[in-house]
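Input sequences plus hints: build the corresponding full structure.
These protein sequence lines map, in sequence, to chains A and B. When the letters of the first sequence are read in order and numbered with the working numbering, they come out as residues 97 to 283. When the letters of the second sequence are read in order and numbered with the working numbering, they come out as residues 483 to 751.
Because the hints were derived from the structure by calculation, they are not lab data. Just so you know, these numbers come straight off a predicted model, no measurement behind them. Note that the Cβ used here is the ideal one computed from N, Cα and C, for glycine as well. Only true hints are included.
Calculated pairs, DMTMM-like style, for lysine to aspartate or glutamate (alpha carbon to alpha carbon, straight line, at most 25 Å): (1) K720(B) / E605(B); (2) K720(B) / E566(B); (3) K702(B) / D152(A); (4) K730(B) / E216(A).
Derived Cβ-Cβ restraints for the label pairs, each shown as a range: (5) G675(B) / V156(A): 40 to 48 Å; (6) Q497(B) / Q147(A): 58 to 66 Å; (7) A725(B) / Q147(A): 21 to 29 Å; (8) G620(B) / G257(A): 43 to 51 Å; (9) K536(B) / W112(A): 39 to 47 Å; (10) V123(A) / P654(B): 30 to 38 Å.
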Amino acid sequence: MTDLSAAPTRRDWKDWVGLIARLVPGVVFVYAGAVKIFDVEGFRTDILAYQLVSWDVANVIALVLPALEIAAGLLLLGGLFTRWAAAAIFGMLLVFMGGIAWVWSQGISIDCGCFGTGGEIDPSKTQYPQKMLENLAMACLCGWLMLRPGSLFSLDVALFGLPVRLEDEDDGSSPAAADGAAAAEKE
Amino acid sequence: MANNSNLSKRAALRQQQEQEDRRKRAQRMMWVGLGVVGVIVVVIVAIVLSQVFKSRVTAEQINPPNATDGKGIRINSVGTQPVEGAPHVVVYEDYQCPGCASYETTYGPAFTQLVDEGKITMEVRTATFLNEVNKQSGMNKESSTRAARAAAAADVVGKYREYHEVVYKNQPKHEGTGYTDQQLRVDFPAQAGITGDALTQFQTLYDTGAMNTFTDAAAKAMYENGVSETPTYTVEGKKIVFADKDSKQVLIEPNAESVLKGIETAKNS
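Listed below in structure tokens is the structure:
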């Protein structure tokens with residue numbers, strides 16, 4: 097049996113990166129969801145300002161999206177199902193970037209509606225490049241976690257422990273480091 | 483030999499143990515995962531239900547008596563009947579839109595004159611997307627929606643035309659300030675000549691939200707008609723052009739004759 101006390105220290109710089117990659121999008125998404133979740137009609141108007149989806153679709157998005165943002169954000173903050181939570185946020189960010197690219201290309205001048213205010217604004221006040229960069233940066237952090245979900249202080253490890261690797265798929269590295277190792281191989 | 487078989491036995495045992503650990507871990511993850519999914523589903527259902535009940539706790543929903551199929555409200559003429567084949571003008575507006583107020587001031591009298599002379603018929607469809615400006619300013623939230631509801635309630639007591647005019651007359655200078663409930667349910671009806679029992683009825687309709695379904699449907703219809711700008715004046719689906727967009731040349735003067743000509747031009751375009 098592997099002696100757990102002999103496991104290499106997990107306080108590796110990559111785990112710190114993982115922690116930051118969890119906290120930044122996690123906080124942003126929980127906040128973004130929280131300011132919208134109690135104002136369904138207002139958020140629906142924000143969505144309609146993109147002139148991209150029908151009224152009924154906007155209605156469904158307005159009901160569901162804030163809850164999903166909060167849920168994925170909380171999972172990421174807590175480090176529970178890190179890879180899946182990161183994938184969910186990554187997916188949402190792709191959709192948001194698509195939306196911004198759309199209004200940008202169509203010459204529609206709106207506030208993105210990301211954090212509870214939205215709608216038409218003066219063309220000089222649009223922040224499309226900045227929003228794109230913000231989303232891209234968060235997408236990169238989520239991409240990191242999708243490839244290497246290991247990080248410090250995660251519920252994944254607290255609740256489930258480190259992944260159990262079977263003898264025959266053991267590549268020689270200690271099972272205790274396997275969490276990160278699988279991802280490290282792909283890098 | 484004995485040693486060897488002992489080793490393989492231990493290896494097999496270890497493998498069995500690891501498989502067991504892995505199964506247990508997967509099972510634990512599954513339960514926690516199901517729990518998380520369950521919580522998310524419950525929260526979303528709660529939000530949906532709260533929205534449904536928010537619009538249900540109100541009084542019985544009624545339509546304004548002059549409501550049209552397109553979720554507008556007809557501007558009635560005073561005393562006359564429209565002539566045969568009079569063009570029907572549809573106006574898309576938002577009560578917080580500064581452009582709408584300036585068009586109302588400039589062209590409104592000419593349009594109402596034509597309605598009163600029976601030369602045109604007219605309906606106003608009310609959008610509410612400028613609720614956004616109240617979110618941006620943090621003042622009097624959902625002023626567009628509340629003004630639309632109040633105006634629809636005014637139609638029930640026969641004062642839509644007057645109330646509609648009063649709101650635009652009192653539109654705040656700064657877009658985003660919006661309207662207070664005091665203005666919408668006390669000051670404006672007073673200016674529109676709604677008094678006594680009619681005032682009580684008007685205020686009850688406003689307070690209970692009896693017009694909510696109608697005004698929501700109007701906002702939806704407008705979006706689905708692809709009208710994304712206010713004010714938009716149309717006749718039989720064609721846009722009435724008041725000024726040339728590029729040269730800024732005024733095409734329609736603010737008098738009944740010029741407006742009627744503009745309507746005919748748009749209709750035949």
